[in-house]
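Combine the two chains into a complex, taking the hints into account.
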Amino acid sequence: MATLRDIKRKIGSINSTQTITRTMKMVSASKLRRAQSELEKIKDYALKMEELTGRVIKNMPEDAHPLLAAREEVKKVLIVSVGSDRGLCGGFNTNVALNAENFAKQNRDNYERVGVYLFGRKIRDYLTRRKADIVKDWVDIKKVDQELVDAVAEELIGLYLSGEFDKIYLSYTYFASPVKQEVVFDEFIPIKTPGDVEYIDYICEPERTKIVESLIPRYISTKIYYSLIESQTSEHAARMSAMENATSNCGEMVRYLTLVYNKRRQEGITNEMMDIVGGAEALRGT
Amino acid sequence: MLNLEIITPEKTVVKDEVDMLEATGAEGEFGIMPGHTQFLTTLGIGEIRYTKNGATTHIASSAGLAEVVDDKVTILVDTAESAKDIDIERAKKAMERAEAMLKSIPFDHTEYRMYELALLRAIARIGVASKKL
Numbered sequence: 059m060a061t062l063r064d065i066k067r068k069i070g071s072i073n074s075t076q077t078i079t080r081t082m083k084m085v086s087a088s089k090l091r092r093a094q095s096e097l098e099k100i101k102d103y104a105l106k107m108e109e110l111t112g113r114v115i116k117n118m119p120e121d122a123h124p125l126l127a128a129r130e131e132v133k134k135v136l137i138v139s140v141g142s143d144r145g146l147c148g149g150f151n152t153n154v155a156l157n158a159e160n161f162a163k164q165n166r167d168n169y170e171r172v173g174v175y176l177f178g179r180k181i182r183d184y185l186t187r188r189k190a191d192i193v194k195d196w197v198d199i200k201k202v203d204q205e206l207v208d209a210v211a212e213e214l215i216g217l218y219l220s221g222e223f224d225k226i227y228l229s230y231t232y233f234a235s236p237v238k239q240e241v242v243f244d245e246f247i248p249i250k251t252p253g254d255v256e257y258i259d260y261i262c263e264p265e266r267t268k269i270v271e272s273l274i275p276r277y278i279s280t281k282i283y284y285s286l287i288e289s290q291t292s293e294h295a296a297r298m299s300a301m302e303n304a305t306s307n308c309g310e311m312v313r314y315l316t317l318v319y320n321k322r323r324q325e326g327i328t329n330e331m332m333d334i335v336g337g338a339e340a341l342r343g344t
Numbered sequence: 006m007l008n009l010e011i012i013t014p015e016k017t018v019v020k021d022e023v024d025m026l027e028a029t030g031a032e033g034e035f036g037i038m039p040g041h042t043q044f045l046t047t048l049g050i051g052e053i054r055y056t057k058n059g060a061t062t063h064i065a066s067s068a069g070l071a072e073v074v075d076d077k078v079t080i081l082v083d084t085a086e087s088a089k090d091i092d093i094e095r096a097k098k099a100m101e102r103a104e105a106m107l108k109s110i111p112f113d114h115t116e117y118r119m120y121e122l123a124l125l126r127a128i129a130r131i132g133v134a135s136k137k138l
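Line order of the protein sequences matches chains A and B. This note's numbering applies: residue 59 is where the first sequence begins, and numbers increase by one. This note's numbering applies: residue 6 is where the second sequence begins, and numbers increase by one.
Chain B extracted, bound-state conformation (with noise of 0.2 Å):
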């Protein structure tokens, strides 16, 4: 089993023991299982997954860091939503936003890397939360 920690500064996430545990690295997917080596990596913005006696629960993250050490996974990320907590509604307008912002502002403006962000945090969000059920 491994020690599941999911931390942002607004609250204790997820503070569980876990089957296994997928999320998205600096360098791409990675998954951790029990007996894993000690591990440090940067995380993107993307999608956590996590299994637990064979259920699948996916978290929505933006970047962070993620550790491994003697089966313990801490995760320190800004935020982190689980599938119930995604007003999908809003994700969808904010990715329209961010979208319609990207294509009006030129590509060296300070606040394009922002919408870039804004988007990529959108696109967790609905891949998330279309997987709900």
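Just chain A, same shape as in the assembly (with noise of 0.2 Å):
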């Protein structure tokens, strides 16, 4: 049974855990401040982009560029995962890497291999311990810019090309509000025409045919910062709602301990004053 001063140490120690969460907590606020500032400056640009590329590439012969061509035999699928290299941020890098291994898993039979291209060191430990294909993984990644996403596109785009694998998938966590993420897992290589968008007949300088060629590579990088962005913002809400529980938890606990605490402590008081009472009769009665 837990002594007093047993209790009292719990309580000291989860009020020192409390601070700590409530300390992550704010931290991960007003990094989350910053990243949506970002997010938003991207977002623009990269919804104008997707629209545009949508209208571009409709009509067009699937044939005018190799990264618009769905291949017959879909053999060999990528996954990009996006996750995060810290953990202490709930389900957030748990339900990218299950969405993955639950792909890779339901389509076992369906394709001969099934890859992942991963960023974020904790995706990769989970997907190493369940024995999956890691194909390519980015960790300590100190900041997302256009080089590094070049070389990711470049990556993707040359994986494709080669025949190393025939469709690639994207799956990044949307973040929808502060309080609100989900995961998106999407089609990505090849680009798919979207059906709700008209034809327009443009005029186009040089002709659409060059136009789409250096669209295309454009949009896949636009594509990756946006979801590496939008993936980054969801990590640091994420954390600061999990921290955010784990705050009132703790406050939780050391009501509940402090009110074990006092039971004890009166029992004792009690206990000893029966103690002395049974004496003092026991004395008169000499």
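To be clear, the hints were calculated from the coordinates, so they are not data collected in a lab. Among the hints, erroneous ones may be present.
Claimed, not checked - Derived list of chain A stretches under chain B, where covered just means 3 residues or more per stretch with a C-beta under 8 Å from a C-beta of chain B:
{"#": "1", "stretch": "160 to 166"}
{"#": "2", "stretch": "185 to 197"}
{"#": "3", "stretch": "266 to 280"}
As the list claims (entries may be wrong) - Computed spacing ranges between beta-carbons, pair by pair:
{"#": "4", "chain 1": "B", "residue 1": "E116", "chain 2": "A", "residue 2": "I199", "range": "31 to 41 Å"}
{"#": "5", "chain 1": "A", "residue 1": "V237", "chain 2": "B", "residue 2": "G36", "range": "26 to 36 Å"}
{"#": "6", "chain 1": "B", "residue 1": "G33", "chain 2": "A", "residue 2": "I258", "range": "15 to 25 Å"}
{"#": "7", "chain 1": "A", "residue 1": "V132", "chain 2": "B", "residue 2": "M38", "range": "43 to 53 Å"}
{"#": "8", "chain 1": "B", "residue 1": "E94", "chain 2": "A", "residue 2": "K201", "range": "18 to 28 Å"}
What the hints assert, rightly or not - Covered by chain A, per the in silico footprint, the following chain B stretches (three or more residues, Cβ under 8 Å):
{"#": "9", "stretch": "7 to 17"}
{"#": "10", "stretch": "91 to 102"}
{"#": "11", "stretch": "108 to 115"}
The C-beta atom is built at its ideal place from N, Cα and C for all residues, glycine as well.
Here it is as structure tokens:
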């Protein structure tokens, strides 16, 4: 049985844990604000780029560009999973990793190979433990910038064009709001023409195929850039709510333990009093 | 009126109603006025000019795309700076550096193209900045 002093020590340790989680929450909150403003900046560009790409590649013959044509036989599939290096952010990394793992499991019979191209140490650790086929891992990314994104885009395009993979999926956490993040799992390469876009008969300068040629790599790197930033923002939001939960759980725990502590203390006092009274009674009897 | 938007990954540089727009396309300069047909082009490194109520604004831009649909002009470029944001000293230094590098490395070197682009960007910036007044 826990003695009074044990309980007191426990309360102290939970209190200091709470201080840490509260601080982490506040740090995440300020990081989230910064990430959100960065996200705002690129979001306009990414959405416009997506719209424009949709309009431009609409009604393009599939053979206009190798990244547009869907392959007849899809045997080898690559999943690009975007997560983070650090944990303590609730289900953030697990959700993305689970998504990739489940996809691989469900389609084990359909495809020859399901590879994972991932960002973030946590996802790497998770998938390594489960013996997933990891094609490349990016960890310790200091800052998401154009250089990094271009390298990734080039590598992905290379993996597709060389026939190493026949289809590439992109999975990241979409930042819907500070309290809501969703895992997105989309087809990425070959680029699909959206159905609900109207065809516009542009005058093109130079001809349309040339434009598509310069547009597509740009589109791919923008999309990667965007998903990395979305994921980063979501990470901070997820950590913030995880830490908020932890802080309130600590508070609850402390309240409960204080109750136990007081009860125990009172019990002790009562016992002592009983002893004294009992002793006095015994003395009076003689 | 044309509805003009110039967007870079950094921010939306311009979102405005303008009377006329001129820019450098893949096959030379072009101008857009209201009622222009649907038009799509790649943009080279150069200058984007637009006129609103008689006043002309100059913007130095790098490569990208421009789309015109129903008097809506969307320009997606990697960078775009208006004259007042340009550090002319820095641009001049960048130009000198690029010129020096271009002289020192062979034509078929992989970095040659990179410095060529840097030089073009610097020239565009200086061109725009000198029209500040």
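Quick check: which numbered hints come out false for this structure? Those not satisfied are hints 1, 2, 4, 5, 10 and 11.
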